[in-house]
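*Asks:* These are the residues of each chain, in order.
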Amino acid sequence: MAKLTLKNVFKRYDNSGKKKVKNDYAVKELSFECVDGEFVGILGPSGCGKTTTLRMIAGLEDITGGDICIGESRVNDLPPKDRHIGLAFEDYALYPPLTVYDNIAFNLRAKNVSESEIQKEISRIAPLLKVDDILEYKPVALSGGQKQRVNIARAIVRKPKLLLLDEPLSHLDGKMRQVLRTEIKRLHKEIKCTTIIVTHDQLEAMSLADRIVIMKDGQLQQFGTPLEVYDDPVNEFVAGFIGEPPMNIMTVKISKQEGEFFFDFANSDVRISVPKRYYPVVKEGMSVRLGVRPTDVLIGDENSKGSKVKVAVFENLGEERRVSIRVGDEYLNLTTAEEIRYKAGDTIKLEVNAEKTHLFDINTGDRIRVK
Amino acid sequence: MARIELCNITKKFKKVTALDNINIDVKDKEFFVLFGPAGAGKTTILKTIAGIEFPDEGHVKIDGKIVNLVEPAKRNVSMVFENYALYPHISVFDNIASPMRSPLYKKDEETVKKEVYRVASMMKIDHLMERLPSQLSNGQRQRVALGRCLVREPNVFLMDEPIAHLDAKMRHFMRSELKEMQSSFNTTTIYVTHDYMEAMSLGDRIAIINEGKIEQIGSSDEVYYTPANEFVAKLLGEPEINIFPAELEMDGRGLKVRMLGQENLIDICDDVAKVLNKKGSGKLDVGIRGNDVKFSFEKIDDNYLKGTVYIVEPIGNKTVLTVSINKQLIRIIAPNDFRAEMDSSIYIKFNMDNAMFFNGEDKTFIIRHNQDHYLRR
Chain P
1 MAKLTLKNVF KRYDNSGKKK VKNDYAVKEL SFECVDGEFV GILGPSGCGK TTTLRMIAGL
61 EDITGGDICI GESRVNDLPP KDRHIGLAFE DYALYPPLTV YDNIAFNLRA KNVSESEIQK
121 EISRIAPLLK VDDILEYKPV ALSGGQKQRV NIARAIVRKP KLLLLDEPLS HLDGKMRQVL
181 RTEIKRLHKE IKCTTIIVTH DQLEAMSLAD RIVIMKDGQL QQFGTPLEVY DDPVNEFVAG
241 FIGEPPMNIM TVKISKQEGE FFFDFANSDV RISVPKRYYP VVKEGMSVRL GVRPTDVLIG
301 DENSKGSKVK VAVFENLGEE RRVSIRVGDE YLNLTTAEEI RYKAGDTIKL EVNAEKTHLF
361 DINTGDRIRV K
Chain H
1001 MARIELCNIT KKFKKVTALD NINIDVKDKE FFVLFGPAGA GKTTILKTIA GIEFPDEGHV
1061 KIDGKIVNLV EPAKRNVSMV FENYALYPHI SVFDNIASPM RSPLYKKDEE TVKKEVYRVA
1121 SMMKIDHLME RLPSQLSNGQ RQRVALGRCL VREPNVFLMD EPIAHLDAKM RHFMRSELKE
1181 MQSSFNTTTI YVTHDYMEAM SLGDRIAIIN EGKIEQIGSS DEVYYTPANE FVAKLLGEPE
1241 INIFPAELEM DGRGLKVRML GQENLIDICD DVAKVLNKKG SGKLDVGIRG NDVKFSFEKI
1301 DDNYLKGTVY IVEPIGNKTV LTVSINKQLI RIIAPNDFRA EMDSSIYIKF NMDNAMFFNG
1361 EDKTFIIRHN QDHYLRR
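First to last, the protein sequences are chains P and H.
Numbering follows my numbering, in which position 103 of the first sequence is assigned residue number 103; successive positions increment by one, without gaps.
Count along the second sequence starting at 1, add 1000, and that's the number in my numbering.
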């Protein structure tokens, strides 16, 4: 167990042979710190540098610049085996001729740990990962979920300071994925080892991690708790990446009428009032990106001053119901758990939860904040 | 435009029975969804209608006529595949036009052009007509594939997971678009999916398929609120419905249930009690969805059961709280800012008004409170 610190980490691959290099750096100026015992998710779309980051922490990739520290010691130049790390990859990479027991024992034997000690360790770890019934099996007889359990057991049996998981669930089918996700979180509570999980699935990161590192194009976008990144995104990328169904993010133009500001949606006659708190930062004629989650778009009652709009699509999805309103080529969606019923063509009054709206700069995508 | 009937269809692949006595009657212009897990036989049903697979037993009828011996091209069906299957070497325009240039359904080029542009503007791809499929995004390719399917006036559209390959954001968007366009299809549509949200959103009726058999056919309200059995109940909804055994017991004031090894008995609604009473003894299962469970850190009344927090999973707009009571895990939908320590104590209360009761032996649905209300909608 130890904390992990990344300070200004860069990774540059030698691309001199290739013509089109969009981005010289795979990872750029990356800094974050995980406290001892924390569960941190590294999240981003494919190609964002998240696996490269994990591999640098593990020592499988050289670091072009910056420092990585495990505990208090700088590990930049330490070989992987001396970093006290447990690693589990997406593809289980078990040794096919060995039993589950021997697979888990493999690394301990390589370190000349005594057989009695190995047995003690495995009998401690196996029940945690529910592999105690399959210790005599060979990998070929195991399901995908079982293989990944063995893989993780093998990673933690060495009592690592740091457990690194690279997309451990992405090969599994829906139900198994959910079960193992729950168990990984329970396991973390038992062993209390500082854990880093790399994933492209925001739901996985949100449900597992204490805090999430969100990356794009090799750079850190935001580092925060699941609620922080969901409720208080720093830019349009994070806002759009986190949350399912996705946030409505649309271009609006500010107009002014009788002293009041309005958001006018592009290519549409839909408009909503600008919440008063934005008055200091908006100007008439200015275009911004307006973000509001489907759960924060509301249907007004008969006294509502909201703009009258037509329901384009109504969907009853079981737990929730969803109304889509046409705004140009896009939909503005609202979802609610309430037992409403509408049909296409019905008129509703559109309101938004003013506190939960976000404005983004139309050029940079950065959040426009109100002091 | 046509009515499609499958009568007693059985299909075997060597020793495996892929379809087991399937009966479906799809009305003219209906949007009919085949829904089930992977390997259930959904695509085999679609192929049987298209004529790509031949049933070992039973009849396929289009508008009352048996078409078992009619070859696929002459059945006048139009199919969209999950993997788009566009012609890579010709433009978007030519791809969409291709069905109208086939020998069997040949139209003059003027009609072709008109039709292609009508469909392309509906699918919002009219600005991409000169591109090759390789120059399109996945979402655009799927639109072209759908457009190519819609361009004719076939007896029936057959759609095999048309949006399953798209990323989550695009899938939500395309689902809404499909739903919005539905009324303009004006043609019988049979749609295969393994996504319950697509099934519930799009289907006038849904057939739930499992291991080559039909578990239930009904509207989205029917299958969600009155599932035929536990399999159907578990397939619809996220997180999965909580189902666990319960026992009926009589106390001084009427019929009650005992569940999760608790001391105190839980009240049930009168209309439910009446039906369960008639059924008599025998094993019983209770099904309660995650949004029908209240929770509290204090015991508010006797209907609150004590458990421990097994796990708390924030997933954005809500948090899934899993509580362990007597080794049974209960999944509950909580507000998105809900947090609790694992293994701490918590009390939960089931909203028995929305509980479903199943036969504990064969897992079929028995009753829920106010059942007629759900079936009338």
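Any given hint could turn out to be false.
[To be verified] In silico lysine-lysine, DSSO-like type, Cα no more than 27 Å apart, as pairs: (1) P/K343 <-> H/K1213; (2) P/K130 <-> P/K185; (3) H/K1294 <-> P/K356; (4) P/K256 <-> P/K305; (5) P/K189 <-> P/K256; (6) P/K185 <-> H/K1294; (7) P/K349 <-> P/K283; (8) H/K1274 <-> H/K1294; (9) P/K343 <-> H/K1029; (10) P/K3 <-> P/K343; (11) P/K175 <-> H/K1169; (12) H/K1124 <-> H/K1234; (13) H/K1213 <-> P/K189; (14) P/K7 <-> P/K216; (15) H/K1169 <-> P/K310; (16) P/K189 <-> P/K253; (17) H/K1363 <-> P/K185; (18) H/K1029 <-> H/K1179; (19) P/K81 <-> P/K161; (20) H/K1014 <-> H/K1029; (21) H/K1327 <-> P/K343; (22) P/K185 <-> H/K1213; (23) P/K310 <-> H/K1029; (24) P/K216 <-> H/K1169; (25) P/K175 <-> H/K1213; (26) H/K1179 <-> P/K308; (27) P/K189 <-> H/K1327; (28) P/K310 <-> H/K1213; (29) P/K283 <-> P/K256; (30) P/K138 <-> P/K120.
Read the hints as simulated data drawn from the structure, not as lab findings.
Predicted model only: the values in this text are computed from it and were never measured.
*Asks:* Please list, smallest to largest, the hint numbers that this structure does not respect.
*Replies:* The structure breaks hints 1, 5, 10, 12, 13, 16, 17, 20, 21, 22, 28; every other hint is satisfied.
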